[in-house]
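Trainee: Residue-level listing of the chains:
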Amino acid sequence: MARIRLSEILVGVFMALGFVALFFLAMRVSNLSTAATGEGYNLTAKFDNIGSLRVRAPVTMAGVRLGRVEAIDFDQETFQALVTLRIEDRYDQIPTDTFANIFTAGLLGEQYIGLDPGGSPEVLGDGDRIEFTQSALVLEQMIGQFLLSKAEEGGE
Amino acid sequence: MLDSLARLGRVGLAILASLGRAHLLLVGILRGLPSMLVRPRLLLAQIYGVGVLSLLIIVVSGLFVGMVLGLQGYYVLSQFGAAESLGVMVAASLVRELGPVVTALLFAGRAGSALTAEIGLMKATEQLSGLEMMAVDPVKRVLTPRFFAGLISMPLLAALFSAIGVIGGWFVGVGLLGIDDGAFWGQMQNKIDFDEDLVNGVIKSLVFGLVVTWIALYEGYDATPTSAGVSRATTRTVVQSALAILGLDFILTALMFGG
Chain E
1 MARIRLSEIL
11 VGVFMALGFV
21 ALFFLAMRVS
31 NLSTAATGEG
41 YNLTAKFDNI
51 GSLRVRAPVT
61 MAGVRLGRVE
71 AIDFDQETFQ
81 ALVTLRIEDR
91 YDQIPTDTFA
101 NIFTAGLLGE
111 QYIGLDPGGS
121 PEVLGDGDRI
131 EFTQSALVLE
141 QMIGQFLLSK
151 AEEGGE
Chain X
1 MLDSLARLGR
11 VGLAILASLG
21 RAHLLLVGIL
31 RGLPSMLVRP
41 RLLLAQIYGV
51 GVLSLLIIVV
61 SGLFVGMVLG
71 LQGYYVLSQF
81 GAAESLGVMV
91 AASLVRELGP
101 VVTALLFAGR
111 AGSALTAEIG
121 LMKATEQLSG
131 LEMMAVDPVK
141 RVLTPRFFAG
151 LISMPLLAAL
161 FSAIGVIGGW
171 FVGVGLLGID
181 DGAFWGQMQN
191 KIDFDEDLVN
201 GVIKSLVFGL
211 VVTWIALYEG
221 YDATPTSAGV
231 SRATTRTVVQ
241 SALAILGLDF
251 ILTALMFGG
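Protein chains in written order, with the numbering used here: chain E, 1 to 156; chain X, 1 to 259.
For the record, the hints were derived by calculation from the structure and aren't laboratory data.
Remember, it's a predicted structure, so these values are computed and weren't measured experimentally.
Treat the hints loosely; a few may be bogus.
[As the list claims (entries may be wrong)] With a cut-off of at most 20 Å between alpha-carbon atoms, the simulated EDC-like pairs for lysine to aspartate or glutamate come out as follows:
| hint | chain 1 | residue 1 | chain 2 | residue 2 |
| --- | --- | --- | --- | --- |
| 1 | X | Lys191 | E | Glu70 |
| 2 | X | Lys140 | X | Glu126 |
| 3 | X | Lys191 | E | Glu110 |
| 4 | E | Lys46 | E | Asp126 |
| 5 | E | Lys46 | E | Glu77 |
| 6 | E | Lys46 | E | Asp73 |
| 7 | E | Lys46 | E | Asp75 |
| 8 | X | Lys191 | E | Glu88 |
| 9 | E | Lys150 | E | Glu140 |
Take these sequences, add in the hints, and give me the full structure.
Mentor: Here's what the structure looks like:
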């Protein structure tokens, strides 16, 4: 009887250890503790060019993450990219004249959306659109512009 | 000419027949679930044999795999000035790939071979026929608890392996190589996604647990009831499990992360 009891205890310890490991992976290793993507409201923004922005890319203001990119669609009428941003509910004081940029984290890093707050007293709500946007910097275009300006200098 | 064709056909038919027997056995095992739930003690004893006794090898291997990942990852990442991403690298490779795969390989060697040998010897010494004589279905009584023990133990073992591995990588990266503690965990939490990485890793380990236990039980149940037959069956279990794990891992990875 004592032997069965011991094996029962050991099995219990084993299963508890396994669940602790799963819990550790979920809370400490993955983004579950910081995700909270469930509750929030959506904003949209149109960009001429989103570069290599991806769904789930962070949306930040002053470097703090306010939400994530929820969806990226293509607008057939204006030929622009329609980006849906999901902002967490607690950040509900974003002015209507906020400016949305697409930045790159580091030289080779992934792209994210940076918001510059405007001065309007009115705030954006669910489904509203951010009017002022700036496209992603595409490296080839920058090099092209640089070469063009160099060539013009040389021509004078 | 015709002889060699016939031989080829015979091999093909034998493989098909073996696959068919394996699936029939699986159906029989699953049918035993209700009667096993009536006697949970049978399952408990098997979880002890399959899971608890595999703990040591899993924990020690996980620790060393994580520590090696920490060392090697640091060597490459520091050349790009991205040593702070070590946590992401260690955690992603462990949770997505190494945790489920290495655990399954060790599980096949440690628990799968033992299951095959046990069932094969039960068959060779006619214990299974003895059970049948007493009107006890040996599949339900002997195989079902072992199957579910493997199915339950494998994801838990894989999670333990990954968790211990991350701690091993943390020990090497933060403790020995001097990476910032906050950057190590912070970048990891930023990049490792719960649904994308963790849940897929657990699904992988569940699939591997099913396949390894199934192969082990089938090989034991189907073994030629002699000493040589049992030894061949044990070898086949380890070889086929390893091949199935690696092949399935490629398919699962392509399905989960390929898109």
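Trainee: Now look at each hint and say whether the structure bears it out.
Mentor: Consistency of the hints with the structure:
With a CA separation close to 17 Å, the supplied pair Lys191 (chain X) and Glu70 (chain E) stays within the 20 Å bound. Distance restraint check for Lys140 (chain X) and Glu126 (chain X): the Cα-Cα separation of roughly 17 Å lies within the 20 Å cut-off, and the hinted pair is therefore satisfied. Restraint check for Lys191 (chain X) and Glu110 (chain E): the C-alpha separation of about 11 Å stays at or below 20 Å, so the hint holds. With a C-alpha separation of about 16 Å, the suggested pairing of Lys46 (chain E) with Asp126 (chain E) holds against the 20 Å cut-off.
Between the alpha carbons of Lys46 (chain E) and Glu77 (chain E) the distance comes to roughly 12 Å, so the proposed pair stays at or under 20 Å and holds. Between the alpha carbons of Lys46 (chain E) and Asp73 (chain E) the distance comes to roughly 10 Å, so the proposed pair stays at or under 20 Å and holds. At most 20 Å may separate the alpha-carbon atoms for a hinted pair to count; Lys46 (chain E) and Asp75 (chain E) meet this at roughly 9 Å. A threshold of 20 Å between alpha carbons decides the hint, and for Lys191 (chain X) with Glu88 (chain E) the separation of about 19 Å falls inside it, so the pair holds.
Straight-line distance between C-alpha atoms of Lys150 (chain E) and Glu140 (chain E) comes to about 15 Å, which keeps the hinted pair within the 20 Å bound.
Violated hints: none; the structure is consistent with every hint.
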